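**Q** In order, the protein sequences belong to chains C and A.
Using UniProt numbering, you'd call the opening residue of the first sequence number 1 and step up by one each time.
Using UniProt numbering, you'd call the opening residue of the second sequence number 1 and step up by one each time.
Bear in mind the hints are in silico, worked out from the structure with no lab data behind them.
Since we're looking at a predicted model, the values are computed, not measured.
The C-beta atom is built at its ideal place from N, Cα and C for all residues, glycine as well.
Please note that the accuracy of each hint is not assured.
[To be verified] For each label pair, taking beta carbons as the anchor points, the in silico distance ranges come out as:
no. : chain 1 : residue 1 : chain 2 : residue 2 : range
1   : C       : Ser529    : A       : Gly618    : 52 to 60 Å
2   : C       : Ala268    : A       : Ala342    : 37 to 45 Å
3   : A       : Asn28     : C       : Asp565    : 40 to 48 Å
4   : C       : Gly449    : A       : Gly600    : 38 to 46 Å
Protein chains: 2
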Amino acid sequence: MQMNVTPNEKLMANAIRALAMDAVQKANSGHPGMPMGMADVATVLFNRFMRIDPAAPKWADRDRFILSAGHGSMLIYAINHLLGYADMDMDQIRAFRQMGARTAGHPEYGHAEGIEMTTGPLGQGIATSVGFALAERLANARFGDDLVDHYTYVIAGDGCLMEGISHEAIDMAGHMKLGRLIVMWDDNKITIDGDTEVATSTDQMARFAASGWHVQACDGHDPEAIAAAIEAARQDPRPSMIACRTIIGFGAPNKQGGHDVHGAPLGAEEIAAARAFLGWTWEPFEIPAEVYEGWHAIARRGAEAHAHWQGRLAASPHRAEFEAAQDGAVPALGPAIEAYKAKLSAEAPKVATRKASQMALDVVNAAVPTSIGGSADLTGSNLTKSKGMKSVTADDFSGNYIHYGVREHGMAAAMNGIALHGGFKPYGGTFFVFSDYCRPSIRLAALMGVPAIYVMTHDSIGLGEDGPTHQPVEHLAVSRAIPNLSVIRPADAVETAEAWEMAMTSRTTPTMLVLSRQNLPTLRTAHTSENLTAKGAYLMRDPEGRQITLIATGSEVEIAMKAADMLSAEGIEAAVVSAPCFEAFAAQPEDYRAAVLGDGPRIGIEAALRMGWDAFLGREDGFIGMTGFGASAPAPALYAHFNITAEAVVAKAKAMI
Amino acid sequence: MQMNVTPNEKLMANAIRALAMDAVQKANSGHPGMPMGMADVATVLFNRFMRIDPAAPKWADRDRFILSAGHGSMLIYAINHLLGYADMDMDQIRAFRQMGARTAGHPEYGHAEGIEMTTGPLGQGIATSVGFALAERLANARFGDDLVDHYTYVIAGDGCLMEGISHEAIDMAGHMKLGRLIVMWDDNKITIDGDTEVATSTDQMARFAASGWHVQACDGHDPEAIAAAIEAARQDPRPSMIACRTIIGFGAPNKQGGHDVHGAPLGAEEIAAARAFLGWTWEPFEIPAEVYEGWHAIARRGAEAHAHWQGRLAASPHRAEFEAAQDGAVPALGPAIEAYKAKLSAEAPKVATRKASQMALDVVNAAVPTSIGGSADLTGSNLTKSKGMKSVTADDFSGNYIHYGVREHGMAAAMNGIALHGGFKPYGGTFFVFSDYCRPSIRLAALMGVPAIYVMTHDSIGLGEDGPTHQPVEHLAVSRAIPNLSVIRPADAVETAEAWEMAMTSRTTPTMLVLSRQNLPTLRTAHTSENLTAKGAYLMRDPEGRQITLIATGSEVEIAMKAADMLSAEGIEAAVVSAPCFEAFAAQPEDYRAAVLGDGPRIGIEAALRMGWDAFLGREDGFIGMTGFGASAPAPALYAHFNITAEAVVAKAKAMI
């Protein structure tokens, strides 16, 4: 389906160019090269294909546009201004890159409507778009073509295709046959260091074809060629890559085609030359009515399509279910978790928290129909597949479990896309140490406020023989360091269930569950209705006349409890604080925190580095944990070797009192 | 050049299989599938091609063997035992995965000879091997075929090829035409979650070919086919990939070919069946003399080749230079840096520390002929290319600057390989925030003790308009969290010069230089011969009767100095501590640290999160810094917005006193 072709497409594209060069010039900062180079491709895409309603920017069945080359942010700001998004008036364009403006240096999700995700870190856009396109198929399988039938369009640059994450994304999309994913590669042969041939000689079309993609090339300044390629891409059942041969900074006659035009203002002289070259006679930040009219026609067509869709939704038997999925609330979860917790407290299983997580998922996934699980090829180790889950395949998207392959980074990015698309709650697992591999996507989730859930198992030297490459020691600290990420390390099956309830009900904060490989006893044998894990830290043992406070997380809470018993036998009363989530504890009222931590000396116990414990421990307090990398040996030998034992806690406590 | 073919290659391979299954069984932990599946390939490789001298494991011109699929560690342990490495006796094999054994769960660099690098995190081996192969060509260009003429052989699994970093490595190796890099892909069609077709459908041969590789496939259990493929790979001028079609766990008749054989002991029954199937009649950990004889013949041939090479070295006009490069000492650097520091203190330039780094590199690179610079496509931003540096290309390896492309992860891994190969000191730059992209390779450098140097510029909100995706806030904390990594954030040009001296003279610790985008004044205007940065922290302002201590790093030392002046004007005496390297300070004597930090209240000042400052600050001390993500605006506006100013320090100091 090709939409109307307006006669002034070249003028519409030049409006993008003018706004880009003028805004960058005014800010004295920014990247004019990409918006000017890709203006024709973007104009054709929006003018002839994109189905969006700027008056209803969250319309569930809109096409998605992802600017993977996020440094070209003026492209999307200019387009959204021209389309008439209410929050993108000309004052915003003038305030490009200034404090408080919606027009941040790179597109920031949540700052303005019509920005589907935050981009800038290269490769993230193309990898996240796989999640968008996957979510579209998952939703389509559930609700049908009437309600879900849209495309995900991506503009990616050379940098995006050089980043490793692009391989994970391309392989995954090709394998899943995500035919509604269309990537337009800004093939301008320029990177910051110079011509692309300085650093790469991969045949990108052959590379994409090797992963099962439909590939084409076109002149990125020829509207009819662009349109024909996009139309063919839409028709092909495979994901499509279009190599759009462009001239970076097109329109700046003396600078276009070179790498100087990438990331610096053109300067007044070159901007004047560009105006002459393009025949653009208007003042800076002035757009003629006929150009607005061309762009507004796109918005009107979108609004019309949206109205038809609203009619189909109103008539759909799936309406309630569809709207509930979009809303994201999980009303059935609370009661289910409470009943499950009661059972756990009564039965007190001794299981690894990764196993407890799988047990919790049996409950969670039964109560949350929008849950989409997965693992980066560690399903049997992460225990992320619960009872009755069905694997998603290229032939059948009705399942709810994704085999992400050995692709931690691509998984985390795809989860961002699934969550941002809406309608689903994604979680995915790998070994905790490999959180390093997906860190850029986790950071983006936190920055965007995407409530993805990371199931990170094998969380310490407790994993044993695999040794230091597989043993996290700094990963609790470095995960807790990411702003707006909840890191939860539960001590037993009950805390694990509570952690899942927190994770699944989070709306704007991603959650990282940090789980043991080794078995742990159930410590919470007294049932509480309240989710104590959500308090971040709480007194698990609260003796009369406490003399010292032992604070521990995860597998080390068992050690703290044992040490407290041993101390008690010697007449020393130790409280034990289980502290599964530092971030949640920091959000508690000051008096609660003071009551939990007490006035006396404190010892932190965690099979990890001390960094990050300063919220609990002062210079005078003690810490039992790791001071460097781990080693390869059975877990009990490692705990003894690194002196993370109840005996060590007792000795330190006695020395401190 | 094909070496002798001994008649008992099958027996030699079965010895690997027997040791792998017996050691894993005894440890009750480990991965028998890969060693058993790739035993034939590895045997042919070693028997007919590898040129190594187990009696001189560090021989500079040896072939390198990289086990990228590191979970198959028993393959290399078995081989090194059979070859007669002195430190790999049968007791080590019996102690597989036990505390203190050289036979760790995954191969650990430095634990035993003949292990060229630590592997286990997937994809790292193949990406690091690019650095090995690149270093070989760099050295060859300098010293000729007589001294440098060896191959880098890699065994990689499906996981290695699914990881994103493999794309960066393959693209880079193809672009550089590293013809002496030969990757043998263990094409067994099995990953942990099941058949590879569960998660991938990339045509790997087409993919490698798209990046300029020579590709072949062979039956991985047919010695002649394997040998022919390796020989063809050696002859081809491109890097080569051989798809070795194998059966995982080959020899275990009831389990081979399935994913259960990947990562668990076979069990006594299946081991007995395998012995029968393979005709292996010896007891566990028993190797017949004829098998040893086959493997020892390889070692003897290698020793002979080594002796010839020693003769060539003795006769070479390059001998002194070659040996100095191998040794790695940099005697000319100290005097050069001292003279340069004196000039800096006299001239007091106001420059960004990234610019100061480039100025220092003019000195460093003139004094250190083994220095190999580079950047991940940010040469003009990182300022990593100093006067007279020449770019390395596929046609000319005599240069000393590498355009790594938009490949931070691949760069960090390649730097590990260049350093591990020996003869060179690699450094490479990117934006500090993108240290996230290369974190797994940085961690490996720290774990292995590889003195790579990371030039991380644009180190805080001080980079301004690019916004929160580009502004590090947690990255100082998370970098300092990595054990055995020196993180240095210099305050001015003098500290930057000292930081480079530390980095270039480090032998077993990687260094991360964290540098500003914005200009900073020279604070160290009084010349000191001593490298004060190497003390980690020192008093930059030490007034009589100090009442409070301001501790700052990098760009915030200027703020601290200004605040101290303002406080002094109000009659409050503040000391200022510049703390460029927390790790170095922690290594100072306790009395030095106490003298620097003083007894009074302290305020830390850093445009980053507080995490990691607990070595300096107690619960009662103050901190001026960030509490979350940054924003897009000019840098001065951001410092004011986030209240990281001298005025804020003064207000806090007055409140604390």
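**Q** Indicate, hint by hint, whether the structure satisfies it.
**A** Each hint, compared with the structure:
1. Separation of Ser529 (chain C) from Gly618 (chain A) is about 38 Å and departs from the stated range, judged on CB atoms against 52 to 60 Å.
2. Separation of Ala268 (chain C) from Ala342 (chain A) is about 43 Å and conforms to the stated range, judged on CB atoms against 37 to 45 Å.
3. Against the hinted window of 40 to 48 Å, the Cβ-Cβ separation of Asn28 (chain A) and Asp565 (chain C) comes to about 31 Å, which falls outside the hint.
4. Remark: the range hint 38 to 46 Å for Gly449 (chain C) to Gly600 (chain A) is upheld by a beta-carbon distance near 41 Å.
The structure is inconsistent with the numbered hints 1 and 3, although it conforms to all the rest.
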